[in-house]
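2 protein chains.
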Amino acid sequence: MRPRSAPPRRVTIVDVAQHAEVSTTAVSKVLRNAYGTSPAMRAKVRKAVAELGYRPSAAARGMRGQTYTIGVMLPDIRNPFFAEILDGVTEWLSDTEYQILLGPGCNGEAAEARVTETMIDHSMDGVILIAPVSSRSRLQHVASTVPTVVVGRHSHSTTYDSVADDDIAGAALVVDHLADLGHRRIAHIEHLETDPARIAEMPNAIRAEGYRQAMRAHGLADDIDIVSTTYTQQGGYLGAQQLLARPRRPTAIFAGADIVAMGVLEAIAQAGLTVPDDISVAGYDNTTFANFEPISLTSVDQAGREIGRSAARLLLERIAELDKPAAHIRLSPTLVTRRSTAAPPR
Amino acid sequence: MRPRSAPPRRVTIVDVAQHAEVSTTAVSKVLRNAYGTSPAMRAKVRKAVAELGYRPSAAARGMRGQTYTIGVMLPDIRNPFFAEILDGVTEWLSDTEYQILLGPGCNGEAAEARVTETMIDHSMDGVILIAPVSSRSRLQHVASTVPTVVVGRHSHSTTYDSVADDDIAGAALVVDHLADLGHRRIAHIEHLETDPARIAEMPNAIRAEGYRQAMRAHGLADDIDIVSTTYTQQGGYLGAQQLLARPRRPTAIFAGADIVAMGVLEAIAQAGLTVPDDISVAGYDNTTFANFEPISLTSVDQAGREIGRSAARLLLERIAELDKPAAHIRLSPTLVTRRSTAAPPR
Numbered sequence: 001m002r003p004r005s006a007p008p009r010r011v012t013i014v015d016v017a018q019h020a021e022v023s024t025t026a027v028s029k030v031l032r033n034a035y036g037t038s039p040a041m042r043a044k045v046r047k048a049v050a051e052l053g054y055r056p057s058a059a060a061r062g063m064r065g066q067t068y069t070i071g072v073m074l075p076d077i078r079n080p081f082f083a084e085i086l087d088g089v090t091e092w093l094s095d096t097e098y099q100i101l102l103g104p105g106c107n108g109e110a111a112e113a114r115v116t117e118t119m120i121d122h123s124m125d126g127v128i129l130i131a132p133v134s135s136r137s138r139l140q141h142v143a144s145t146v147p148t149v150v151v152g153r154h155s156h157s158t159t160y161d162s163v164a165d166d167d168i169a170g171a172a173l174v175v176d177h178l179a180d181l182g183h184r185r186i187a188h189i190e191h192l193e194t195d196p197a198r199i200a201e202m203p204n205a206i207r208a209e210g211y212r213q214a215m216r217a218h219g220l221a222d223d224i225d226i227v228s229t230t231y232t233q234q235g236g237y238l239g240a241q242q243l244l245a246r247p248r249r250p251t252a253i254f255a256g257a258d259i260v261a262m263g264v265l266e267a268i269a270q271a272g273l274t275v276p277d278d279i280s281v282a283g284y285d286n287t288t289f290a291n292f293e294p295i296s297l298t299s300v301d302q303a304g305r306e307i308g309r310s311a312a313r314l315l316l317e318r319i320a321e322l323d324k325p326a327a328h329i330r331l332s333p334t335l336v337t338r339r340s341t342a343a344p345p346r
Numbered sequence: 001m002r003p004r005s006a007p008p009r010r011v012t013i014v015d016v017a018q019h020a021e022v023s024t025t026a027v028s029k030v031l032r033n034a035y036g037t038s039p040a041m042r043a044k045v046r047k048a049v050a051e052l053g054y055r056p057s058a059a060a061r062g063m064r065g066q067t068y069t070i071g072v073m074l075p076d077i078r079n080p081f082f083a084e085i086l087d088g089v090t091e092w093l094s095d096t097e098y099q100i101l102l103g104p105g106c107n108g109e110a111a112e113a114r115v116t117e118t119m120i121d122h123s124m125d126g127v128i129l130i131a132p133v134s135s136r137s138r139l140q141h142v143a144s145t146v147p148t149v150v151v152g153r154h155s156h157s158t159t160y161d162s163v164a165d166d167d168i169a170g171a172a173l174v175v176d177h178l179a180d181l182g183h184r185r186i187a188h189i190e191h192l193e194t195d196p197a198r199i200a201e202m203p204n205a206i207r208a209e210g211y212r213q214a215m216r217a218h219g220l221a222d223d224i225d226i227v228s229t230t231y232t233q234q235g236g237y238l239g240a241q242q243l244l245a246r247p248r249r250p251t252a253i254f255a256g257a258d259i260v261a262m263g264v265l266e267a268i269a270q271a272g273l274t275v276p277d278d279i280s281v282a283g284y285d286n287t288t289f290a291n292f293e294p295i296s297l298t299s300v301d302q303a304g305r306e307i308g309r310s311a312a313r314l315l316l317e318r319i320a321e322l323d324k325p326a327a328h329i330r331l332s333p334t335l336v337t338r339r340s341t342a343a344p345p346r
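Protein sequences appear in the order of chains R and B.
If you count the first sequence from 1, position 299 lands on 299 in UniProt numbering, and the numbers rise without skipping.
If you count the second sequence from 1, position 77 lands on 77 in UniProt numbering, and the numbers rise without skipping.
One or more of the hints may lead you astray.
Which bits of chain B does chain R cover? Going by a derived footprint, with three or more residues having C-beta under 8 Å, they are [what the hints assert, rightly or not]:
#	segment
1	96-107
2	200-207
3	216-223
4	258-267
Chain R is nowhere near these chain B residues, computed Cβ spacing over 10 Å in every case [as the list claims (entries may be wrong)]:
#	residue
5	115
6	136
7	330
8	332
9	337
These are computed hints drawn from the structure, not numbers from a lab.
Built from N, CA and C at the ideal position, the CB exists for glycine as well.
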């Protein structure tokens, strides 16, 4: 047996104090964000903490009732939009003692329940749930147990805070842009939402509704054409295959997410068509993929990094003050036009 | 204050038993993987567990000394190769009670120390460290505290298991392919490794060495041309800019990772050159990005999913038997040729 009962000595507050050449009291004050520390002192202590990889011991943190960990649940690490959100969360927390642990690969209510129960079991100080599909009552349950911020759902909950973008406005930006270019047959690929209780909250459903409203506003009600798949590359691929097989195929496809647009571009290339000469494509999320030069995808920027920063800020405020009123932030999206959209073929 | 002291009742083993219409003893047996359960019984219980989102309570698990969580540290969630590895880990663990928690965004030894300390604090049952940059002594420290598998480092440690691909062979596959197509001026973009103690273990350094060996084997020693940046999209972009500015620019670029190739393709497009007519590009990792039709990148397949499965298998074996001899798996890579490589321009 290896000597598991006597692990190597861990870095202590004394080591940090010696390394930073300050007193242990000073280290303790900095770590608690207490008053009476100078910026220079804080800088010295944080540098020593970073260099030694120090974390307050579980026991010491337990005494204060905190684990200094934040759980972030995200549905799909392949979707580059979630990396943007995570960057914002990480950035906001980088000056704090909080460490993020991710619960990945959720693809349904059961998986989400398992991830959130794990985070609660581990006594995490708070959780950020990105684009959860769980029922509202399940989210309320989580939020009544641990400080919770929900990202990417339009909520009016009084138990948890939320951050989302204005998906009605975002969808309208795309339709306006394509209609201005002269398109009429503008199709949309949505993520199928079957639960009636969730439809009013889910960004995918709201984006589809925004598309419908904008098409009507442009007098294009008869050209509304929605294919329901999923917000995945495969979903975009299958959705585009359906649209390309239409007797009068659309001249533009509005994919509900950049990762969906990836699959759309793939189906278009396989069909021997070119973008934007034969067909225009727009996405949603303005990920690094959209900005990738050989792709150059027109996309709605919902400021993922800012969403992440806001979520982290709300969560720290909630941890500090459990009974503060729930805040619901809606960020206004913008459109970034690139080479994938142009006037329709004559 | 919200009633944090009295959280809603959690799902118990009794709920699972009622839902599955079996005895609580039967549920307990299935959860412990004990003998004397039929396949039908296991299926019923697992279905109920999934539907209710049940996890053994922290207390019950604590009594058995397990938390049923596995920590996975990964350096960059933007690199699609790590998603492949994670898929393999998730797949292998999907039939078990283990839940994965990810420690993301490590970019140096201090960040890695913080993540691994957090995982140890949380009493995780085991950790998988993907492409860590920490010193060998730091990895030994972690492994002496918690069962550990290291992925993507060539190790002979006696304290932890490891899984990596044969990077010398992988680099040779690329050079052989390009040389066979008629290329001589084949350049390589590597991830700079400055620590002499780590060079023998790091896949990036070994890939560069494999490139050198293969170039010499083809009589191309004078054409060896390595640019040192990082394994990121930005690193590929900056590396390719340097190479394209050479008086006699290379006819082929071997990027050390697919994510590096992304940046290479970007720089080439900005320079007004086309792939493969003006210049061939090959990557490493065979990610979904390489397989993406509009990109179609020739790439080395190091079987990320299989790497993940192997890592999870080794970890569960190590958790079950702490003093088993350390195992070091080397998987043989293969080359997937696509449209991004062709004969050099005349």
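Against the structure, the hints:
1. 96-107: Holds, because 7 residues of the segment 96-107 of chain B bring their Cβ atoms closer than 8 Å to Cβ atoms of chain R.
2. 200-207: Violated - the segment 200-207 of chain B has 0 residues with a Cβ nearer than 8 Å to chain R, which falls short of three.
3. 216-223: violated (count 0)
4. 258-267: holds (count 3)
5. 115: violated (7 Å)
6. 136: Its Cβ never comes within 10 Å of chain R, the nearest being 14 Å, so this holds.
7. 330: Non-interface label on residue 330 of chain B holds, nearest chain R Cβ at 24 Å vs cutoff 10 Å.
8. 332: holds (26 Å)
9. 337: The claim stands: residue 337 of chain B keeps its Cβ more than 10 Å from every Cβ of chain R (closest is about 18 Å).
When the structure is compared with the earlier hints, violations turn up for hints 2, 3, 5 and for no others.
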